[in-house]
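Engineer: Residue strings, one per chain:
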Amino acid sequence: MVELDLEIRQDTLFVRLEGELDLGVADFLRNTLEGSLNKNPVRHLVLNLSRVSYIDSSCLGVILGRYKRLAREGGRVSLVGLQPHVRRICELSGLLRIMGEYTTEEEAVAKAG
Amino acid sequence: MKVVNQLKMEFLSVPENVAFARVAVAAFASQLDFTINDLEEIKVAVSEAVANAIVHGYENSPTGIVRVTVTLMETGAEIRVEDNGKGIADVKKALEPAFSTDPERMGLGFVFIQSFMDRLHVDSSPAGGTRVTMIKTINRGAAAASQGGH
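Protein chains in written order, with this note's numbering: chain A, 104 to 216; chain B, 3 to 152.
Mixed in with the good hints there might be a few duds.
[To be verified] Examples of chain A residues lying across from chain B (beta carbon under 10 Å, computed):
#, residue
1, Met104
2, Asp108
3, Glu110
4, Ser153
5, Tyr157
6, Ser160
7, Leu163
8, Gly184
9, His188
10, Arg191
11, Leu195
It should be emphasised that the hints constitute simulated quantities derived from the structure, not laboratory data. Backbone N, C-alpha and C fix where the C-beta goes; we use that ideal spot for every residue, glycine too.
Chain B on its own, in the form it takes in the complex (with noise of 0.2 Å):
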């Protein structure tokens, strides 16, 4: 697949880099043909990645380094969110929804990134950090149609 612009950014675990991370990255990606739609929910996605890897990747200490790569390419947008963190122990069941370590919060992280993105890939294990893959095709129906209609 034919890359056509690629963001990499690294910033603090800090919470405030939640908006910073999902504002920037929505802004690289409307260099593509995507609906405003769309980059409300890329927008959400990457919200969710770069919070789970705050809170659980590195529990809330600031101190971590969050890396963002967005990819963009002629079909979409590949996003990887990456921590060096604790790691999740059992993937399968951190995708299940309303699974959540913290009474807090809602386990609804990942069913966002699931209900938003095309795709989503996660590579994580103990110690070893977490990487979210998502991607998010361009629907060149809708966008024809959103463009079309009146």
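Only chain A is shown next, with the shape it has when bound in the complex (with noise of 0.2 Å):
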């Protein structure tokens, strides 16, 4: 199970995710998150993973999705408060050389902008 808060403040999409990210959450997630980019015109997504305990290679998936359209025109995908684990996964799978990591939103938002 996964529990999704979003906010979106200006040009930018904050994702708040609690829970495990695999491929039983993979398409909610993926259908979220296309369906709040197509409602709003932001240019950015800060993603905060501080309360995600797990993911697998299903979500980094739709989170690679998500850059990929985001950096099309010329927005930004930042990952927050990563988990040791999560950070392991994120490191292995090349995903932290093309996102940004910060500790907290307002790092990313400060940093990032």
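Using the hints, put the two chains back together into the complex; each one sits in its own frame.
Structural biologist: This is the structure we're talking about:
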């Protein structure tokens, strides 16, 4: 199970996730993010994963898909609050080479800008 | 190698069972002297192998059967994930980083398994299903060090 909180501020969509991100929630996550991006013309996405205890390749694929979409228009995806195990998976996948990693949402907004 | 304990389970190829499988296998494997980190790595490997069976083997059909066998030995755990799905035409290519037949997926499943497990063997043939065998050995030195650490 995953819980998800969305907030739009200026040109950024903030997504706060809680739970375990695997194949069981990948479609839900993809559809929710796509739905929000289709409705709201934001440039950037800040993913707060501080309450995510687990992630696997299916949801990394969902994040990468949104990155490709936003990067085409010059936007960014920032990752916030990675727990050690989640961070290791993100690092191994190469995601941290293309996305900024921050401790807090405020830091992501300040430094990514 | 002396078998200490064994678990066999089978379940339908529905995505919700990915979480069930990794938690069940990790709970069972915790009977051995694995570290918390080892168990986290086992969880990832099981997740990826079961997800592969569902997404690729059964092409997201929820009516397939996924079988998981965990054999605990004194030296570590052997975890086998099997499906009767469509199989992999080119196993060698499937094991390459970033190989995926689906653009939304990153082709990282086997990369994670290879990174986190000590051995990986994949048997597969088109229409013949796939059997992924993974071994995680107990690192006695690390376990002793972590127990003795402060």
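Engineer: Next step is simple, just say for each hint if it's right about the structure.
Structural biologist: Against the structure, the hints come out as follows:
Given hint, Met104 (chain A) at the interface with chain B, holds; its Cβ is 9 Å from that chain's nearest Cβ, closer than 10 Å. Interface restraint check: Asp108 (chain A) against chain B, minimum CB-CB distance 21 Å, threshold 10 Å, status violated. Interface hint at Glu110 (chain A): violated, since its Cβ lies 25 Å from the closest Cβ of chain B, which is beyond the 10 Å cut-off. Contact between Ser153 (chain A) and chain B, as hinted, is not supported at the beta carbon level, the nearest pair being about 18 Å apart and thus beyond 10 Å.
With a least beta-carbon distance of about 7 Å to chain B, the hint placing Tyr157 (chain A) at the interface is held under the 10 Å criterion. With its C-beta approaching chain B no nearer than about 4 Å, Ser160 (chain A) sits inside the 10 Å limit, and its interface hint holds. Taking 10 Å as the C-beta contact cut-off toward chain B, the hint placing Leu163 (chain A) at the interface holds, the least distance being around 6 Å. Annotation: Gly184 (chain A) was flagged as interfacial toward chain B, and the flag is violated, the nearest CB pair being 18 Å apart, outside 10 Å.
Given hint, His188 (chain A) at the interface with chain B, holds; its Cβ is 5 Å from that chain's nearest Cβ, closer than 10 Å. With its C-beta approaching chain B no nearer than about 9 Å, Arg191 (chain A) sits inside the 10 Å limit, and its interface hint holds. This hint holds: Leu195 (chain A) has a C-beta 6 Å from the nearest C-beta of chain B, less than the 10 Å allowed.
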